[in-house]
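Student: Whole structure, please, built from the sequences with the hints as guidance.
Listed in order, the protein sequences are those of chains A, B and C. Residues in the first sequence are numbered consecutively from 1, following my numbering. Residues in the second sequence are numbered consecutively from 1001, following my numbering. Residues in the third sequence are numbered consecutively from 2001, following my numbering.
Since the hints were made in silico from the structure, they are not lab data. In this text, all values refer to a predicted model and were calculated from it rather than measured experimentally. Think of the CB as a built atom: it goes at the ideal place given N, C-alpha and C, for glycine as much as any other residue. Do not rely on the hints blindly, as some may be mistaken.
[To be verified] In silico DSSO-like cross-links for lysine-lysine, where the CA-CA straight-line distance does not exceed 30 Å:
#, chain 1, residue 1, chain 2, residue 2
1, C, 2176, A, 88
2, B, 1157, B, 1103
3, A, 88, B, 1086
4, A, 284, A, 322
5, B, 1004, B, 1026
6, B, 1086, C, 2116
7, A, 137, C, 2139
8, C, 2215, A, 137
9, C, 2201, A, 363
10, A, 322, A, 236
11, C, 2116, A, 88
[As the list claims (entries may be wrong)] Take a look, some chain C residues computed to stay more than 10 Å from chain A by CB distance:
#, residue
12, 2108
13, 2140
14, 2155
[Said to hold, decoys possible] If you want the footprint, here are the derived chain B segments under chain A, 3+ residues with CB under 8 Å:
#, segment
15, 1004 to 1018
16, 1037 to 1043
17, 1078 to 1090
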Amino acid sequence: MTLKDKDRAAVKERETLRDLRQNPDSGTLPRPQMTPDHQESTSAERLHGQTGALLHTEIMSLNVGPQHPSTHGVLRLVVDMDGEYVIKVTPHMGYLHSGFEKTFENRTYQQGVTYAPRTDYLHSFSHELSYVLSVEKLLQAEVPERATTIRVILHELGRMHSHLVFVGTGLLDLGALTPFFYAFREKESLQDLFEAVCGYRMNQGYFRVGGLSRDIPDGWPAMVSRFLIQMEAGVKEYTTLFANNPIFQDRARGVGIIPPDVALDLGLTGPNLRASGVPLDNRKDNPYCGYETYDFNVVTSNDGDSLARFNMRLWEFGESIKIVRQALERLRPGPVRDPNRKISLPPRQELETSMEAVIHHFKLVTEGFHPPIGEVYVPTESARGEVGYYIVSDGGSMPYRVKIRAPSFVNLQALEYACVGAQFADLITILATIDPVLGDVDR
Amino acid sequence: MPLKELIDRDWQELESEGVLFSSLEKLVAWGRSNSLWPATFGLACCAIEMMSSTNGRNDLARFGSEVFRASPRQADVMIVAGRLSKKMAPIMRRVYDQMPDPKWVISMGACASSGGMFNNYAIVQNVDSVVPVDIFVPGCPPRPEALIYAVMQLQKKVRGEAFDQLGNQLPMVDAWTR
Amino acid sequence: MDPVIGKDDEKKVISEAGRLTGRNAETLSSQAQLQKTVVRSDPPAILVTPNPAPPVQVTDSGAAVGRMPVPAPTPPADPRDVTGLIAELGLTEDDMAEPTALVPPERLREVAEALKARGFMLMDSVGLDYLTYTQPRPKRFAVLHNIYHPRDHRRLFLRVWLDDGEALDSLYPVWKSANYLEREVYDLMGVDFIGHPDMRKVLTPDDLEGHPLRKDFPLGETPTLFRDGRFLDPAAFRAGVTGQQSGLTGYRGELRRGRGEDRLPPVMPEGGPK
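Tutor: Now the structure itself:
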């Protein structure tokens, strides 16, 4: 038997198996007979919570978390179950409540940049950018072109970072250990890029109100282009190894379907909403940082199941790579901070010659700037959905009130809807593909 | 080598032939120190770096600590990774109580060690007030290398090779502790 | 432009318009018509038109030079403008930076249902406490609902003013996403919602009394104890900047926040510091 014949035989076998799966009665294999009182419930029944499981046993409550490996941190779920089927899920949040919003009110505006990335620590640039954009809108600050372009690059790299952790740990929840090592290989390279530009692997705190804290190092754009090539190869690997894996597809296809109208009613945003077929993306719809000048697509899917939500992240890698490539071409030398001395610190060398610079430096460091009275909100698109900081200013040097619109918190409501009627193992799949970050949920 | 010979001959003579002598306590401590199994107690950002420490580049498995157990009953060391809120503190104490003796705690990150930047109503200011901590790791979050260094320091402590700030040798854990 | 247009000029303009064809000619003639009618109705003939057309320069030979008088292009209607929508719902607009509509508490449910019928979704609910705000506000609390249209991308904030102890209609019957959002406002701000099916705490521990984001709830900072027995109280350290009291630095930010005018800032005594 030659190699070609072997291939042909394998293809034939696969096709037979596929046909059997689609139409079990067509094949020669005998279909397992089911006794009348042992029927599988239809999906319609499951969606209405009437599980057709025949052993109508006592309904049991199962506690999952808050210390559980599959809950992405410290989420606690109380699951009411009939046999293996989930009847009701009650999430209990707040085990990571850190008082972000209260702390913001007691720090100056520039100090708040340190806090913002700690909320969503996987896509920390999204919160950082959103906070900074809101304060800049309040101040009417002018951000230089170069700073905006670098912000776009880092924002998209951060999105890739978040999706990489999603691919790694999301499949880890389903019992696949290998993707973790593949995804974290690229994640380490990505964190090297972050470290080169801001000196820290996570929770960067690199943006400042009015620009960036410092310019990027020499040779950094070349590092990014090298990483993009690596990333493209990586995405191909993920697609062939995991996304096309029949075991994974069997566990994810048709699980936890969220129709578009329900998704809008539940307030979903981000990839979870786009997986349901609603092309809502703040980068296109409410452009910030000049996103309207970049050429990219908003990927959507019409399935709305867990597989679509997983694929949405894989496809977004490609779009992010496209945006970063375009932004790298636009990098021109120039200032990276608003030259307004009332907002940004003077350069270090000026402090030795100019008295004014010393006064500005002292005032900015001890007291900070005073934005005018007003209330602002700038929506941005994070890896999880719409992030926005509603900032109320009373003219002081600290925000009067900061409200974080956290996408994970709102997205988590879909869990209660999507899990009803699913099996318990599917609950883990649905939770993994909704991809909440508990720091973002609890704030 | 027959057992009779082991008893009859001088121990220095035996050592020169490659036979090693140790107390059973030290042997147990050596075994323990090289298979510290952590309980996953990932809370916040530090949990991501804790996961990073097991990946291909950092490879915590070199020190025998890569087996993160979801159940506290199979773990020796609890890595408290992240900010501990007051709502979570009783749960952490319960998880700690469920771990079998002997057990150790690594407090990973500034938030767990001192409250860090979150000096407010919601965060426990020091994990040491809830469970006894052996190693504090600074950083926000600490790099994986820092965590690996902490594990190495803990191994020293388990083997009885660690010293406190005043230079006194810290006692080894009793081998027969329940 | 010379605001006074005599009859000779008017004739010239019309004659110019007669030669032209196409859209410009039409607009020009209509403008000339407009000017003419105004001139007739008001003999002193001082015209201030909203879109003044530039005067046409005419050479001796009668040919027009330079750009034809094109009316200033009216800006295209912003599709995200919600002023029309606010008026349609019978609400008043707030003068905040974001497009905000003031909603009376009893009309909130009705307005929400009207917005839901137009396809809006609920993005966020914000609770605000104006207890220590520098400017006077109608009531102490406000609840803002962040409403967004996913197709034409209009965004609208609904603001409801509330006093302490007043309850608000829940939007859960309208949008399911109000479930957690209103629970969060209840938990952190202490605003009660009528008609919410599951009004429990969501973020803070069950034994925490009070609502942390109210302005009279302390931040709860703990002083840092140093080895030699000294304390550093971070609240006192930052008090000068917050303006609540003078704190360690002696600087009182409350003057700038609009309070404490009766107290003068510390001035240096005569002859320099002792």
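Student: For residue 1157/B and residue 1103/B, compute the direct alpha-carbon distance and say whether it is at most 30 Å.
Tutor: holds (12 Å)
Student: Quickly compare the C-alpha distance for residue 2215/C and residue 137/A to 30 Å and report which way the hint goes.
Tutor: holds (25 Å)
Student: Beyond 10 Å from chain A, beta-carbon-wise, is residue 2155/C?
Tutor: With a cut-off of 10 Å, residue 2155/C comes too close to chain A, as the shortest Cβ separation is near 8 Å.
Student: Holds or violated: residue 284/A with residue 322/A, Cα cutoff 30 Å?
Tutor: Satisfied, since the Cα-Cα distance of roughly 15 Å is no more than 30 Å.
Student: Once the closest CB in chain A is found, is it more than 10 Å from residue 2108/C?
Tutor: holds (17 Å)
Student: Counting residues of the segment 1078 to 1090 of chain B whose CB is closer than 8 Å to a CB in chain A, do you get three or more?
Tutor: Since three or more residues must qualify, the claim that chain A covers the segment 1078 to 1090 of chain B holds, with 5 doing so at under 8 Å.
Student: Quickly compare the C-alpha distance for residue 2201/C and residue 363/A to 30 Å and report which way the hint goes.
Tutor: violated (41 Å)
Student: Would you check the hint for residue 322/A and residue 236/A, treating anything up to 30 Å between C-alpha atoms as holding?
Tutor: With Cα atoms ~15 Å apart, residue 322/A and residue 236/A stay inside 30 Å; holds.
Student: Is the straight-line distance between the alpha-carbon of residue 88/A and that of residue 1086/B 30 Å or less?
Tutor: OK: residue 88/A and residue 1086/B at ~28 Å, within 30 Å.
Student: Decide if the proposed pair is consistent with the structure: residue 1086/B and residue 2116/C, CA atoms, cutoff 30 Å inclusive.
Tutor: Given pair residue 1086/B, residue 2116/C is violated - Cα atoms ~39 Å apart, limit 30 Å.
Student: Once the closest CB in chain A is found, is it more than 10 Å from residue 2140/C?
Tutor: holds (13 Å)
Student: Hinted pair, alpha-carbon criterion (30 Å max): residue 1004/B, residue 1026/B. Please report holds or violated.
Tutor: holds (24 Å)
Of the hints listed earlier, those the structure fails to meet are numbers 6, 9, 14 and 15, in rising order.
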